[in-house]
Each structure stands twice: as C-alpha cells, then as structure tokens.
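K.L.:
Okay, here's what each chain looks like letter by letter:
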Amino acid sequence: MTDIRKIKRDFPVFIHNPGLVYLDSAATSLKPQSVIDKLAEYYTKYPANIHRGIYRISEKATEEYEKSRIAVMEFVNARRFEEIIFTRNTTESINLIAYSLGRQIVGADDEIVTTVMEHHSNFVPWQVLADEAGAVFKVVDINGDGCLDVNTSNLAGIITKRTKILALAYVSNVLGTVNPVKKIIRAAKKINPKIITVVDAAQAVPHMPVDVRDLGCDFLAFSGHKMLGPTGIGVLYGRYDLLNSMFPFNFGGGMIKEVTIEKTEFPPPPARFEAGTPAIAEAIGLGEAIKYLQTTGMDKIAAYEKKLTAYAIKHLIESFGADIRVLGPKTADNRVGVLTFAFKNYHPHDIAHILGEENICIRAGHHCAMPVHNRFGLAASARMSLYLYNDYYDIDKLIDGLKKVKKILK
Amino acid sequence: MTTIYQELLLAHYQNPKNFGRIIHPGKTITVANPLCGDVITMDVIVADGKVKEIKFSGHGCVISRASGSLLTEYAKNKSQKELLKLDRAFIIKLLGIELGVNRIKCAMLPLEALQKLLI
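From first to last, the protein sequence lines stand for chains A and B. First residue of the first sequence: 830, per this note's numbering; consecutive thereafter. First residue of the second sequence: 2, per this note's numbering; consecutive thereafter.
In short, the hints are calculated from the structure, not lab data. Keep in mind that this is a model prediction, so the values were computed, not measured. Possibly wrong hints are sitting among the right ones.
List of simulated lysine-lysine pairs, DSSO-like, C-alpha gap at most 27 Å [to be verified]:
no., chain 1, residue 1, chain 2, residue 2
1, B, 18, B, 51
2, B, 79, B, 28
3, A, 1120, A, 1136
4, A, 896, A, 1120
5, A, 1236, B, 106
6, A, 1011, A, 1159
7, B, 18, A, 1233
8, B, 18, A, 1173
9, A, 1129, A, 837
10, A, 990, A, 1023
11, B, 18, B, 82
12, A, 1232, A, 837
13, B, 18, B, 53
14, B, 106, A, 1233
15, A, 1239, B, 106
16, A, 1236, B, 18
17, A, 1173, A, 1236
18, B, 106, A, 1235
19, A, 837, A, 1135
20, B, 106, A, 1173
21, A, 1232, A, 1159
22, A, 1239, B, 18
23, B, 18, A, 1235
24, B, 106, B, 82
25, B, 28, B, 77
26, B, 106, B, 79
27, A, 835, A, 1135
28, A, 1136, A, 1226
29, A, 967, A, 1011
30, B, 94, A, 1239
Residues from chain B that keep clear of chain A, each with C-beta distances beyond 12 Å, as calculated [as the list claims (entries may be wrong)]:
no., residue
31, 24
32, 29
33, 74
34, 78
35, 95
36, 113
37, 119
What follows is a set of in silico ranges between Cβ atoms, one per label pair, in the way DEER data are often shown [to be verified]:
no., chain 1, residue 1, chain 2, residue 2, range
38, A, 869, B, 29, 57 to 63 Å
39, A, 1123, B, 101, 34 to 40 Å
40, A, 1123, B, 90, 48 to 54 Å
Where a beta carbon is used, it is the ideal one built from N, C-alpha and C, also for glycine.
Can you build the whole structure from these sequences, using the hints too?
P.N.:
Here it is in structure tokens:
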C-alpha cells in the first residue's frame, strides 16, 4: 500500500477516464485488470458448463469454479468448502436464509430482531417474514453517533428465548459504523443458545479481515462486486449442519440427487442451493479478486483506508465546519471509509450532480436504508466511500468540488 | 459539458415564483418522490376551466423547484384541457436543459402534481 500509483495502474478504468475521482465503492467497486482478464480467460479458453461435462474444457471450468469456492472458504475462514454457497449477491443470500430456514423456524409470537441501520436487504426480508408468520419484528435503535444502542447489559431486554433470528450488519452502508458483531452474537447466544445469527457483511468483507469462526455467526452474506469482483456473484456462508437441515430455495437442474415421477431427492450443500447454471465466469472472477486482495493484504487495506478516512473527516470539518454534518462516528475508529453527510440545506442530488460534472463520483439518495435516514430526520443524504485505489488527492478534489457546490447553490 | 446549474434555473431555485400556499384553495395535492425525498404540495383555484391561481411549496432539489416555479408561471390563465396535454418534452423545453434518466423524475414532479389536480 506504500505506492498508491501502482494500485491505480491495476485498474484500467483510470486509463479510460483520466482524472476520475471514484468515491462510490460502497455501491460497487472498480475492477483490477487481473479480474477482467480472468473473465476473458474463461470465455476464451474453457467456456463450458460446469459439473457432469465429461470432456476437458468442462472439467477445467468445474475445477476453476470449485477453486474459487475454496478461495472464498479460506478468505472468510470457513470450516469446509460445502459451507460456501454461490448466490447472485448479498440480497439473494439473505433471502435464501429467510425462505429456506426462516419459514421453517419462525412461528406466531416468535421474534425476529434486526437494527435500524440495516440496508433494506437485511431488513425487508425479515419484516415480511415476521408479518407472514405473525411474529414480532424488533428493531434495535442507534445513538446519535450512529452506534448500536446495545450492549451486553441491555441485550437481555431485546433478545429472549422466543427470538429465532438476529440479523445485523457487520458494517453500516450509510454510517460506516463497524458493529461489535462478535460480542453481540456471543451475548445473544448466552441468552438463547438456539438463536440463528445472520450477518450482512457486504460492507465488511471488502475492507477488513473477516473470520466467520471467530465471529461465531451462523450465516454471513456478501457480494462479489463490492470486493473487486464481477457483478452477479454473491456468497452465503452458512454453518454446515444448518445448511444441511434446510430445504432448497430454488428448484431445477444442478440441485437434485434423483428425480422420479413420484418424488425428488436433493443433494447435500452446496449443490442443494445452486439450482440452474450458476454465474460461472463471475464465480471464477471472484476467486481472482480474492487473490488480488490477499496479495495486497487485508490488514494493510484496512489500515490504509483508516488513514484516508481520518484525513477525509478532518478536512471536511476543517473546510466546512457547521455547514457539514457527518452521520455516524466522528473519528476513524470503529468505522470504515463510508462517509455520509448533509451539506447545508443542499439537496443531495444537487451536490452529487455538481460533483459529477467535475468527474467526482459520489452517491445521493437513501442508499437503500430508509429507516436510518428517518432516524436522523433526513429523506436523503450524500455519501462518499473509499477503497484501496483512493488517495489523499481524491479527498482534496472532493473538498474543492464541495466548495464549488457552495459557490453555485450559495 | 453544459451544466444544468445555469443562472436562470438557479434564480428560480433561490427565488421561486408562486412559492407558498393559497389560503382557500379550490384543490390541494401533495406528491412525493420517496427515492430522493422531494415533496411538493400544490394548491390551485380553477374557474371557467382555467387556472386562476396556483402555488406550490415543499422541499426538493434545484431541478424540481425550478420546474415548479416555471411551470406554475406558465399554468396561470391556461385552460385545464391545454395543461393536461403537457408532457415530458414540454418540461425539458421549459427548463431548457437536457436531463439524464436519473434527474428527469425531479423535473416531472410539479407536472405530476398539476395534472393530478386538474383531472
């Protein structure tokens, strides 16, 4: 991470868009050349369907696809490769749990607990499930700094023996807050050992080392495209015994053991949950993205992003004082480089539009997290988010851009 | 690149025409774009099939507010029938700028309010 210019050179988008200031990695990340090459490698050298192809290029495709699964397993420290299910994205991973497990275990008067800072993908599936089952939907609040209003002492008032599922984000996609997931899970399991814990790690896995065994979670979901990988590929990690007790989510090819006119038998995980031809190229590309991240080093990436985040917070506040209101933690501790802010009374769309004209990419809107915006009394906000290819110069350009916004909108 | 933040639109944003409420409106409506949080309340008095008085309020971006300002100016003394015919192409011409798919919704919000009032 010492030479950022080297890292930028790995991302061809900067060659095709000179001067691009990309600060929207929480939405999707840019892709290094090695990942793009890997996609092309599949399509040019072994573009066959996987599994059951009794010829060389199908065997090669299968081998690469399964190698990626092993790479993911090692990356998040799962116990066995069968615990890694390839999905389309985080949203599909969470829906898979809600359908295949949630609908089996949640009944009337049971409880599902989530938090107000969730992305809609870890909120709506549970809200709908609770509604259908006649269960209680509990939403944990946050404090003014955007940290969960929960600790080991008050958790007993939230989690009970009737709580079947606890769903929470590792890192908030709006506030940047890193939640003490390990502590919360441990405390929740003490109250109710049978509780199922679901971690939305879409904003965590790209930016910090994540260890599912250390966290003690039952499920963990993330997306390939936010971690330098292709779009259309996501991951669901699940504890093997749980996955093995679950019913399929989709039915069709690739997920059967035996089909007769009378009935169908399903194979064990992961095949049980991967119906139809999967995103083969994308899964293989994800393996390559993981290789890139590991070569760079997740610890180094996290440390570098922390420095950038501290720089960004300092300069935003120094340059704009009370005109800017950063949501979430005000220091670089316990947060990642997702900085959401309100700027005077300017509409976030206007801020993003004027910055866009300067070739600076940030996001405006509710970032698929309306409950947390309501919590702060905002309809929408502006969000900049960092990744390993950003540098101090990008932040300086953002500050200059925001000065221009102020000049235009007064 | 031509900016959408031209003097004319910024002037309408900073000092919108017909901004506020009619005390005894004939009809009132509130429309919203929940995706970006824009909300517009529009009051109107119609007589003899024509818009006699019109005001709008609420909060939104430069585009939606400037569009509300320009549209309400245009609508005064126009017939209901004529106003119901207005479309996206008219709004783009009224604002005098090109708008991408993501911003056209902001520009169309005041027209949505007006036409719902007149139906």
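K.L.:
Each of the hints needs a verdict: does it hold here or not?
P.N.:
Consistency of the hints with the structure:
1. Taking the CA atoms of residue 18 of chain B and residue 51 of chain B, the gap is near 19 Å; set against the 27 Å cutoff, the hint holds.
2. Only pairs whose Cα atoms come within 27 Å are accepted, and residue 79 of chain B paired with residue 28 of chain B is accepted, the gap being roughly 16 Å.
3. Proximity of residue 1120 of chain A to residue 1136 of chain A is assessed by CA-CA distance (about 24 Å); at most 27 Å being required, the pair is judged to hold.
4. A hinted pair counts as satisfied when its Cα atoms are at most 27 Å apart, and residue 896 of chain A with residue 1120 of chain A qualifies at roughly 11 Å.
5. Our distance criterion of 27 Å between C-alpha atoms is met by residue 1236 of chain A and residue 106 of chain B, whose separation comes to about 25 Å.
6. Our distance criterion of 27 Å between C-alpha atoms is met by residue 1011 of chain A and residue 1159 of chain A, whose separation comes to about 23 Å.
7. At roughly 26 Å between alpha-carbon atoms, residue 18 of chain B and residue 1233 of chain A fall within 27 Å of each other, so this suggested pair holds.
8. Between residue 18 of chain B and residue 1173 of chain A, the direct Cα distance comes to roughly 22 Å. Compliance with the 27 Å bound is thereby established for this hinted pair.
9. The hinted pair formed by residue 1129 of chain A and residue 837 of chain A meets the criterion: a straight-line CA distance of about 16 Å does not exceed 27 Å.
10. For the proposed pair residue 990 of chain A and residue 1023 of chain A, the alpha carbon gap of about 8 Å is at most 27 Å, so the pair holds.
11. Restraint check for residue 18 of chain B and residue 82 of chain B: satisfied, since their Cα atoms lie roughly 23 Å apart, inside the 27 Å limit.
12. Taking the CA atoms of residue 1232 of chain A and residue 837 of chain A, the gap is near 26 Å; set against the 27 Å cutoff, the hint holds.
13. Of the pairs offered as hints, the one joining residue 18 of chain B and residue 53 of chain B holds, with about 15 Å between alpha carbons and a cut-off of 27 Å not exceeded.
14. Using a Cα cut-off of 27 Å, the hinted pair residue 106 of chain B and residue 1233 of chain A holds, with the two alpha carbons roughly 25 Å apart.
15. Between the alpha carbons of residue 1239 of chain A and residue 106 of chain B the distance comes to roughly 24 Å, so the proposed pair stays at or under 27 Å and holds.
16. Simply put, residue 1236 of chain A and residue 18 of chain B have alpha-carbon atoms about 22 Å apart, close enough for the 27 Å limit, and the pair holds.
17. The hinted pair formed by residue 1173 of chain A and residue 1236 of chain A meets the criterion: a straight-line CA distance of about 12 Å does not exceed 27 Å.
18. Only pairs whose Cα atoms come within 27 Å are accepted, and residue 106 of chain B paired with residue 1235 of chain A is accepted, the gap being roughly 24 Å.
19. This hinted pair checks out: residue 837 of chain A and residue 1135 of chain A have alpha carbons roughly 18 Å apart, not beyond 27 Å.
20. Proximity of residue 106 of chain B to residue 1173 of chain A is assessed by CA-CA distance (about 23 Å); at most 27 Å being required, the pair is judged to hold.
21. Proximity of residue 1232 of chain A to residue 1159 of chain A is assessed by CA-CA distance (about 21 Å); at most 27 Å being required, the pair is judged to hold.
22. Between the alpha carbons of residue 1239 of chain A and residue 18 of chain B the distance comes to roughly 18 Å, so the proposed pair stays at or under 27 Å and holds.
23. A hinted pair counts as satisfied when its Cα atoms are at most 27 Å apart, and residue 18 of chain B with residue 1235 of chain A qualifies at roughly 23 Å.
24. Proximity of residue 106 of chain B to residue 82 of chain B is assessed by CA-CA distance (about 23 Å); at most 27 Å being required, the pair is judged to hold.
25. Of the supplied pair hints, the one linking residue 28 of chain B and residue 77 of chain B holds, its CA atoms being roughly 15 Å apart against a limit of 27 Å.
26. Straight-line distance between C-alpha atoms of residue 106 of chain B and residue 79 of chain B comes to about 24 Å, which keeps the hinted pair within the 27 Å bound.
27. Restraint check for residue 835 of chain A and residue 1135 of chain A: satisfied, since their Cα atoms lie roughly 19 Å apart, inside the 27 Å limit.
28. Restraint check: the Cα-Cα separation between residue 1136 of chain A and residue 1226 of chain A comes to about 17 Å, which is no more than 27 Å; the hinted pair holds.
29. With a C-alpha separation of about 20 Å, the suggested pairing of residue 967 of chain A with residue 1011 of chain A holds against the 27 Å cut-off.
30. Distance hint between residue 94 of chain B and residue 1239 of chain A is fulfilled; the C-alpha atoms sit about 26 Å from each other, no more than 27 Å.
31. In this structure residue 24 of chain B is separated from chain A by more than 12 Å, as the shortest Cβ-Cβ distance comes to about 26 Å.
32. Residue-level check passed: residue 29 of chain B sits 21 Å from the nearest beta carbon of chain A, beyond 12 Å.
33. Once the 12 Å rule is applied to beta carbons, residue 74 of chain B is consistent with being away from chain A; the minimum gap is 21 Å.
34. Interface exclusion of residue 78 of chain B from chain A stands, the closest Cβ pair being 31 Å apart, more than 12 Å.
35. Interface exclusion of residue 95 of chain B from chain A stands, the closest Cβ pair being 19 Å apart, more than 12 Å.
36. Look at residue 113 of chain B: its CB is around 17 Å from the nearest CB on chain A, clear of 12 Å, so calling it non-interface holds up.
37. Under the 12 Å C-beta cut-off, the non-interface status given to residue 119 of chain B relative to chain A holds; the minimum distance is some 27 Å.
38. Between residue 869 of chain A and residue 29 of chain B the beta carbons are some 58 Å apart, a value that agrees with the proposed interval 57 to 63 Å.
39. The given range of 34 to 40 Å is respected by residue 1123 of chain A and residue 101 of chain B, whose C-beta atoms sit roughly 38 Å from each other.
40. For residue 1123 of chain A and residue 90 of chain B, the Cβ-Cβ distance of about 53 Å falls inside the hinted range of 48 to 54 Å, so the restraint holds.
When held up to the earlier numbered hints, the structure conflicts with none and fits them all.
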